[in-house]
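Novice: Sequence:
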Amino acid sequence: MSTKDFVEKDYYKVLGVPKDATEAEIKKAYRKLAREFHPDANKGDASAEERFKEISEANDVLGDAKKRKEYDEARALFGNGGFRPGPGGGGGSFNFDLGDLFGGTQQGGPGGGFGGGGGLGDVFGGLFNRGAGAGTGPRTQPRRGQDIESEVTLSFTEAVDGATVPLRTSSQAPCKACSGTGDKNGTPRVCPTCVGTGQVSRGSGGGFSLTDPCADCKGRGLIAENPCEVCKGSGRARSSRTMQVRIPAGVSNGQRIRLRGKGAPGERGGPAGDHYVVVHVDSHPVFGRKDDNLTVTVPVTFAEAALGAEIKVPTLNGPSVTLKLPPGTPGGRTMRARGKGAVRKDGTRGDLLVTVELAVPTELSDKAREALEMYRDATVSEDPRAQLFDSVKGA
Numbered sequence: 003m004s005t006k007d008f009v010e011k012d013y014y015k016v017l018g019v020p021k022d023a024t025e026a027e028i029k030k031a032y033r034k035l036a037r038e039f040h041p042d043a044n045k046g047d048a049s050a051e052e053r054f055k056e057i058s059e060a061n062d063v064l065g066d067a068k069k070r071k072e073y074d075e076a077r078a079l080f081g082n083g084g085f086r087p088g089p090g091g092g093g094g095s096f097n098f099d100l101g102d103l104f105g106g107t108q109q110g111g112p113g114g115g116f117g118g119g120g121g122l123g124d125v126f127g128g129l130f131n132r133g134a135g136a137g138t139g140p141r142t143q144p145r146r147g148q149d150i151e152s153e154v155t156l157s158f159t160e161a162v163d164g165a166t167v168p169l170r171t172s173s174q175a176p177c178k179a180c181s182g183t184g185d186k187n188g189t190p191r192v193c194p195t196c197v198g199t200g201q202v203s204r205g206s207g208g209g210f211s212l213t214d215p216c217a218d219c220k221g222r223g224l225i226a227e228n229p230c231e232v233c234k235g236s237g238r239a240r241s242s243r244t245m246q247v248r249i250p251a252g253v254s255n256g257q258r259i260r261l262r263g264k265g266a267p268g269e270r271g272g273p274a275g276d277h278y279v280v281v282h283v284d285s286h287p288v289f290g291r292k293d294d295n296l297t298v299t300v301p302v303t304f305a306e307a308a309l310g311a312e313i314k315v316p317t318l319n320g321p322s323v324t325l326k327l328p329p330g331t332p333g334g335r336t337m338r339a340r341g342k343g344a345v346r347k348d349g350t351r352g353d354l355l356v357t358v359e360l361a362v363p364t365e366l367s368d369k370a371r372e373a374l375e376m377y378r379d380a381t382v383s384e385d386p387r388a389q390l391f392d393s394v395k396g397a
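For the sequence shown, my numbering assigns the number 3 to the initial residue and increments by one for each residue that follows.
Keep in mind that the hints were calculated from the coordinates and are not lab data.
Check each hint, because a few of them may be wrong.
[What the hints assert, rightly or not] Only pairs whose alpha carbons sit at most 25 Å apart, straight line, appear in this in silico SDA-like list of lysine to any residue: (1) LYS234 with ASP214; (2) LYS15 with ALA43; (3) LYS395 with ASP353; (4) LYS292 with LEU360; (5) LYS68 with GLU25; (6) LYS292 with LYS347; (7) LYS347 with LEU318; (8) LYS69 with ALA48; (9) LYS11 with LYS34; (10) LYS292 with GLN257; (11) LYS292 with PRO321; (12) LYS68 with TYR14; (13) LYS314 with ASP353; (14) LYS30 with VAL16; (15) LYS314 with VAL154; (16) LYS292 with VAL154.
[What the hints assert, rightly or not] What follows is a list of derived Cβ distance ranges for each label pair: (17) PRO328 with HIS282: 51 to 59 Å; (18) GLY164 with LEU366: 41 to 49 Å; (19) SER367 with LYS292: 34 to 42 Å; (20) SER367 with SER254: 16 to 24 Å; (21) PHE391 with VAL315: 32 to 40 Å; (22) GLY330 with PRO363: 15 to 23 Å; (23) ALA26 with PRO144: 53 to 61 Å.
Backbone N, C-alpha and C define an ideal beta-carbon position, used for all residues, glycine too.
Start from the sequences, fold in the hints, and give me the full structure.
Specialist: Structure, rendered in structure tokens:
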């Protein structure tokens, strides 16, 4: 009988008992069904004979506490209908004899038992630690290098336009003194504890086996008989380097940039890790930033706001632009100069958002004061706060 057949058969259903049935309930159900479908009571009835075999087989498994536990574990693990291995396990269903599963052979005849042996734990312990090269002897696995992180500070203009900056990094790399072997003679030996895999297995109960990094070789799979004086046998040493990094245009404050493969070198042919650069952007005395748009506040006189005017507005690293201020422009209004903002990811630019601010003079000439007093007298009947009080009364 294959494992697929084994786990697909619902022995609880065959005996008509729930999965949490007690031993006494299983025994009672079996005796009742055995009397009903026994071949002596159903002579010549092939279906009754087949039913009796199923009942006996179900009782043989569920009636034995150990076999019942192994059966429940198998069904919980393999699910309904065959084992589908994960990556590295190959395709198709995974079938093997019950003798392999239980460590013995099936005994023939109705009511026959399954031989003793190791149980599911023996099978599962190897099953989950089996890789593509299982059974090929000691081997050391390539190991990916560690990710590293550094920070860079840019000026406001550099963040908008992009910049190439030197970046000095420090990370673990293969020790040059021992060529990454950890042994000063360059001849480390395979770790006997993990047999070069860098991992050891431990049981977690329920037939499962988990893996941990080997404590003796610290996950390297190798042990240095004569530890390197530089790396102390680890095969890794601190290495510093300086590289030129291009920070893309339009980067924002706090953005994290990923440089693939620019992290710490891998071990035993493994790929390098990644390098993450956290960008900090200094503020600008004139301009601000809102997503892909730049912002600027421009002061205007009362006459310009009231009568309308054309005003010049500065841009970042470019010629000024002229905006037309319509008559009656209130303070706080924002206008837009298109294409004068920060660079977007697609290469286009955002806009420059220009906010108008009324400039109130702190000192007035006699002529200016006289003109303002005349304006005040001419507009004495106008109360800009009248609507405000009307709204309060009507609320």
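Novice: Each hint needs a verdict: does it hold in this structure or not?
Specialist: Evaluation of the provided hints:
1. LYS234 with ASP214: 23 Å, holds
2. LYS15 with ALA43: 23 Å, holds
3. LYS395 with ASP353: 42 Å, violated
4. LYS292 with LEU360: At roughly 22 Å apart (the allowed maximum being 25 Å), LEU360 and LYS292 satisfy the hint.
5. LYS68 with GLU25: 12 Å, holds
6. LYS292 with LYS347: 15 Å, holds
7. LYS347 with LEU318: Distance of about 19 Å is within 25 Å: holds.
8. LYS69 with ALA48: 28 Å, violated
9. LYS11 with LYS34: The hint holds at about 20 Å.
10. LYS292 with GLN257: 14 Å, holds
11. LYS292 with PRO321: 21 Å, holds
12. LYS68 with TYR14: 16 Å, holds
13. LYS314 with ASP353: 16 Å, holds
14. LYS30 with VAL16: With a Cα-Cα distance of about 13 Å, the restraint between LYS30 and VAL16 holds, given a limit of 25 Å.
15. LYS314 with VAL154: 35 Å, violated
16. LYS292 with VAL154: Between LYS292 and VAL154 the Cα gap is close to 21 Å, so the pair holds against 25 Å.
17. PRO328 with HIS282: 51 to 59 Å: Since PRO328 and HIS282 have Cβ atoms about 40 Å apart, the given range 51 to 59 Å is violated.
18. GLY164 with LEU366: 41 to 49 Å: For LEU366 against GLY164, whose Cβ atoms are near 47 Å apart, the range 41 to 49 Å holds.
19. SER367 with LYS292: 34 to 42 Å: Distance hint for SER367, LYS292 holds at roughly 39 Å.
20. SER367 with SER254: 16 to 24 Å: With a Cβ separation near 46 Å, SER367 and SER254 fall outside 16 to 24 Å, so the hint is violated.
21. PHE391 with VAL315: 32 to 40 Å: 36 Å, holds
22. GLY330 with PRO363: 15 to 23 Å: Holds - the Cβ-Cβ distance for GLY330 and PRO363, about 20 Å, lies within 15 to 23 Å.
23. ALA26 with PRO144: 53 to 61 Å: 56 Å, holds
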